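So the protein lines, in turn, are chains A and B. In our numbering, each residue's number is its place in the first sequence (first place is 1) plus 21. In our numbering, each residue's number is its place in the second sequence (first place is 1) plus 15.
Everything labelled a hint here was simulated from the structure, so no lab data went into it. On a predicted model such as this, the values are computed, not experimentally measured, just so you know. Every residue gets a Cβ at the ideal spot worked out from N, C-alpha and C, and that includes glycine. Among these hints, one or two may not hold up.
[As the list claims (entries may be wrong)] Take a look, some chain B residues computed to stay more than 10 Å from chain A by CB distance:
#	residue
1	H72
2	G127
3	L199
4	L211
5	R219
6	D226
7	P359
8	R418
[Said to hold, decoys possible] Straight-line C-alpha distance at most 20 Å; calculated SDA-like pairs for lysine to any residue:
#	chain 1	residue 1	chain 2	residue 2
9	A	K125	B	D229
10	B	K400	A	L61
11	B	K414	B	L326
12	A	K125	B	I230
13	B	K414	B	V433
14	B	K414	B	R429
15	B	K414	B	D374
16	A	K125	B	P359
17	A	K125	A	D96
18	A	K125	B	F228
19	A	K125	B	R385
20	A	K125	A	E148
21	B	K400	B	V433
22	A	K125	A	E77
23	A	K125	A	R91
24	A	K125	B	D226
25	A	K125	B	R375
26	A	K125	A	T52
27	A	K125	A	A71
28	B	K414	B	A350
29	A	K125	B	G174
30	B	K414	B	E436
31	B	K400	B	R352
32	B	K400	B	R385
33	A	K125	A	A141
34	B	K400	B	A350
35	B	K414	B	W391
36	A	K125	B	R219
37	B	K414	B	R267
38	A	K125	B	V433
39	A	K125	A	P97
40	A	K125	A	V162
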Amino acid sequence: MSGLRPTGDTGEPGGATPDDGPVVDAGHEVTTYLCIGCPLGCRLEVEESAEHEIVEVRGFSCRRGERFARQEHTDPRRTVTTTVAVTGARIPRLPVRTAAPLPKGLVRALCDRLASVRVAAPVRRGEVVLADALGSGIDVVASRDLDRTDAG
Amino acid sequence: MSASRPARPRRVYDVAVVGAGPAGMAAAAGARQAGAERVLLVDREPETGGILNQCIHSGFGLHHFGEELTGPEFAQRAFAEMVDDGLDVLTDSFVVDRDADDELSVMSAEHGVLRVAAGAIVLASGARERTRGAIRIPGSRPAGVMTAGLAQHLVNVRGLLPGRRAVILGSGDIGLIMARRLTLEGIEVAGVFELLAHANGLTRNIVECLDDFDIPLHLSTTVVEVHGRDRVEGVTVAPVGPGLEPLLDRARFVPCDTVLLSIGLLPEAELARSLGARIDPVTRGPVVSSTMETTRPGVFAAGNSVHIHDLVDFVVEEAQLAGRSAAAHVLGGSAPRDNVTLVPGENVRYCVPHTISTDREHTVYLRVRRPLERSWLRLGDAYEKRLRYVVPAEMVTVKVRPRFLEGFSSEALRVDVVPREEG
Ligand SMILES: Cc1cc2nc3c(=O)[nH]c(=O)nc-3n(C[C@H](O)[C@H](O)[C@H](O)COP(=O)(O)OP(=O)(O)OC[C@H]3O[C@@H](n4cnc5c(N)ncnc54)[C@H](O)[C@@H]3O)c2cc1C
Ligand code: SF4
């Protein structure tokens with residue numbers, strides 16, 4: 022926390038503007054992220070010590086950006102949306118989503134896993150299609166209802 | 016034609032809504048809430064929801080439902096919230112036009128040709144995608160070139176993959192979202208090529224759809240030729256100079272079997288045009304008053320059929336207003352006529368609605384021409400307001416209140432978005 026710069030921050034997107042980059046200590050590593058909190062798209066920097074401790078977060082114009090940088094640096098997550106095969110419905114694909122954001126590193130593996138999932142209509146929105154996906158504790162659920170039709 | 020007319024079934028409504036996407040559903044709900052009893056909602060697709068049914072990504076409804084939903088989830092929750100039992104919903108039914116008797120012709124698989132007499136009409140027919148003809152890419156016409164929205168439908172609804180290696184032309188949000196979608200389906204995306212020096216889509220989509228998967232975004236670059244006889248074999252891309260002219264000495268070949276075009280949407284304004292409503296040459300949708308009425312009395316419009324929205328939440332807001340206004344047109348109690356025309360000025364591409372009234376509050380939507388970090392929004396000499404970052408890709412929403420325009424007596428109000436010095 023020590024390295025946090027006071028920014029004249031209003032807590033709202035697009036507040037104050039960051040200065041130019043500071044001097045980085047030897048052995049420290051700086052990673053940059055593009056903030057997705059608002060269209061300003063601030064370039065965020067996270068500086069880490071040799072012991073992998075975050076010593077400073079910079080470049081944000083508001084608190085949301087700072088939170089995003091920390092989350093993105095320590096535990097990036099994404100909501101995954103894709104489709105799975107469905108039989109007995111008007112259309113052959115059922116849109117699905119993770120019920121909560123999944124660790125980013127698991128996104129591709131989850132899609133590969135879902136390639137072999139097949140469900141049968143009727144399906145209800147929110148119904149679990151794959152429980153505890155890849156041991157993440159996060160369920161994959163249906164994004165919509167699909168009624169059973171005679172075809173298929 | 017008159018010989019067969021008596022045989023055609025005819026239905027009478029207070030309000031008929033064309034298109035059952037989010038705009039149509041919200042307009043129908045608005046009309047019902049405002050007291051219209053007989054309301055018809057028609058869509059050519061087999062189900063309501065419009066484009067949302069194929070937009071399976073999340074990012075919808077943060078304002079309206081207070082949480083981030085996928086397109087299908089939004090469509091289904093909107094249906095539950097907006098479509099009540101008293102509403103007539105007709106799917107698989109295409110509104111062709113309005114006939115000589117001023118009635119709508121609806122072609123329906125189930126009912127054949129229906130004639131619909133309505134006291135007021137709301138056009139909520141959405142948008143269509145700009146195609147290759149709109150930007151004139153030279154080269155052959157092989158299979159494998161398609162709009163990003165068509166690819167979205169094929170992949171997400173029909174479960175069909177368009178190819179093995181794709182390039183995406185244009186950096187609109189649909190193209191960015193499809194870059195991720197194709198990648199997750201095992202299709203290699205060789206790159207996204209954008210003519211302009213800045214991306215057209217949201218930063219969020221650049222990060223989550225391209226950067227996450229190391230898909231390169233080539234700015235100031237365009238496709239100058241499509242190769243292949245029956246099937247696409249590749250494209251020639253070239254960087255562009257300051258006047259956007261391709262620098263052919265630096266052209267290179269990119270092998271691919273699929274080209275997705277993500278070069279923008281245009282309002283579906285055919286019906287508005289055939290009804291004689293005036294079309295705005297900038298938005299390409301109908302000119303609308305502050306009640307969302309077109310220049311043809313009794314014909315209202317909302318959503319992407321008026322101007323292209325990036326957030327469905329604003330579509331809903333605008334369409335509820337259109338629906339309420341349509342009901343008021345039929346039942347009486349319409350708002351007083353507008354007395355001020357909004358004139359897009361510096362750095363403003365367009366404003367919707369096109370006219371307002373100084374006696375009540377309005378929400379005005381506008382788009383800027385170029386990005387500005389700090390700016391003033393100015394309404395003539397009457398009012399100014401600080402805006403934060405503005406970009407062409409994000410619609411600007413402004414509340415215009417009667418007190419802003421106190422003492423304003425002209426008929427034309429200029430709207431400018433100009434740079435603001437620090438302070
Ligand atoms: C790919 C894509 C991604 C998007 N991503 C987001 C996002 O992340 N977040 C967000 O908030 N917004 C997003 N949007 C924007 C938002 O989804 C749209 O602005 C909104 O869906 C438009 O609603 P609409 O009802 O005007 O049009 P549509 O949803 O297109 O509905 C129009 C309907 O009218 C019907 N129709 C047209 N003509 C006729 C006729 N003659 N007879 C009968 N029926 C007819 C069509 O079949 C269609 O169902 C996205 C849009 C697209 C295209
Ligand atoms: S830090 Fe993020 S949310 Fe805050 S102003 Fe910058 S881009 Fe917007």
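Status of each hint after checking the structure:
1. H72: Not fine: 5 Å to the nearest Cβ puts H72/B too close to chain A.
2. G127: The claim stands: G127/B keeps its Cβ more than 10 Å from every Cβ of chain A (closest is about 22 Å).
3. L199: 5 Å, violated
4. L211: Consistent with the label, L211/B stays out of reach of chain A, its closest Cβ about 16 Å off (over 10 Å).
5. R219: 4 Å, violated
6. D226: 7 Å, violated
7. P359: 21 Å, holds
8. R418: Its Cβ never comes within 10 Å of chain A, the nearest being 24 Å, so this holds.
9. K125/A / D229/B: OK: K125/A and D229/B at ~14 Å, within 20 Å.
10. K400/B / L61/A: At roughly 19 Å apart (the allowed maximum being 20 Å), L61/A and K400/B satisfy the hint.
11. K414/B / L326/B: Holds, at about 17 Å.
12. K125/A / I230/B: Given that 20 Å is the threshold and the Cα spacing comes to 16 Å, the pair holds.
13. K414/B / V433/B: Within the cut-off at roughly 18 Å; holds.
14. K414/B / R429/B: 15 Å, holds
15. K414/B / D374/B: 13 Å, holds
16. K125/A / P359/B: 44 Å, violated
17. K125/A / D96/A: Judged against 20 Å, a Cα distance of about 8 Å means the pair holds.
18. K125/A / F228/B: 11 Å, holds
19. K125/A / R385/B: Violated - the C-alpha atoms of R385/B and K125/A are around 34 Å apart, more than 20 Å.
20. K125/A / E148/A: 23 Å, violated
21. K400/B / V433/B: With Cα atoms ~11 Å apart, K400/B and V433/B stay inside 20 Å; holds.
22. K125/A / E77/A: 23 Å, violated
23. K125/A / R91/A: 15 Å, holds
24. K125/A / D226/B: 12 Å, holds
25. K125/A / R375/B: 48 Å, violated
26. K125/A / T52/A: 17 Å, holds
27. K125/A / A71/A: 24 Å, violated
28. K414/B / A350/B: 18 Å, holds
29. K125/A / G174/B: Not satisfied, since the Cα-Cα distance of roughly 25 Å exceeds 20 Å.
30. K414/B / E436/B: Between K414/B and E436/B the Cα gap is close to 23 Å, so the pair fails against 20 Å, i.e. violated.
31. K400/B / R352/B: Violated. K400/B to R352/B sits at ~26 Å, over the 20 Å cutoff.
32. K400/B / R385/B: 18 Å, holds
33. K125/A / A141/A: It is violated: about 29 Å lies between the C-alpha atoms, which goes past 20 Å.
34. K400/B / A350/B: At roughly 27 Å apart (the allowed maximum being 20 Å), A350/B and K400/B break the hint.
35. K414/B / W391/B: 14 Å, holds
36. K125/A / R219/B: 15 Å, holds
37. K414/B / R267/B: Judged against 20 Å, a Cα distance of about 49 Å means the pair is violated.
38. K125/A / V433/B: 40 Å, violated
39. K125/A / P97/A: 6 Å, holds
40. K125/A / V162/A: Holds: K125/A and V162/A sit about 18 Å apart, inside 20 Å.
Checked against the numbered hints above, the structure violates hints 1, 3, 5, 6, 16, 19, 20, 22, 25, 27, 29, 30, 31, 33, 34, 37, 38; every other hint is satisfied.
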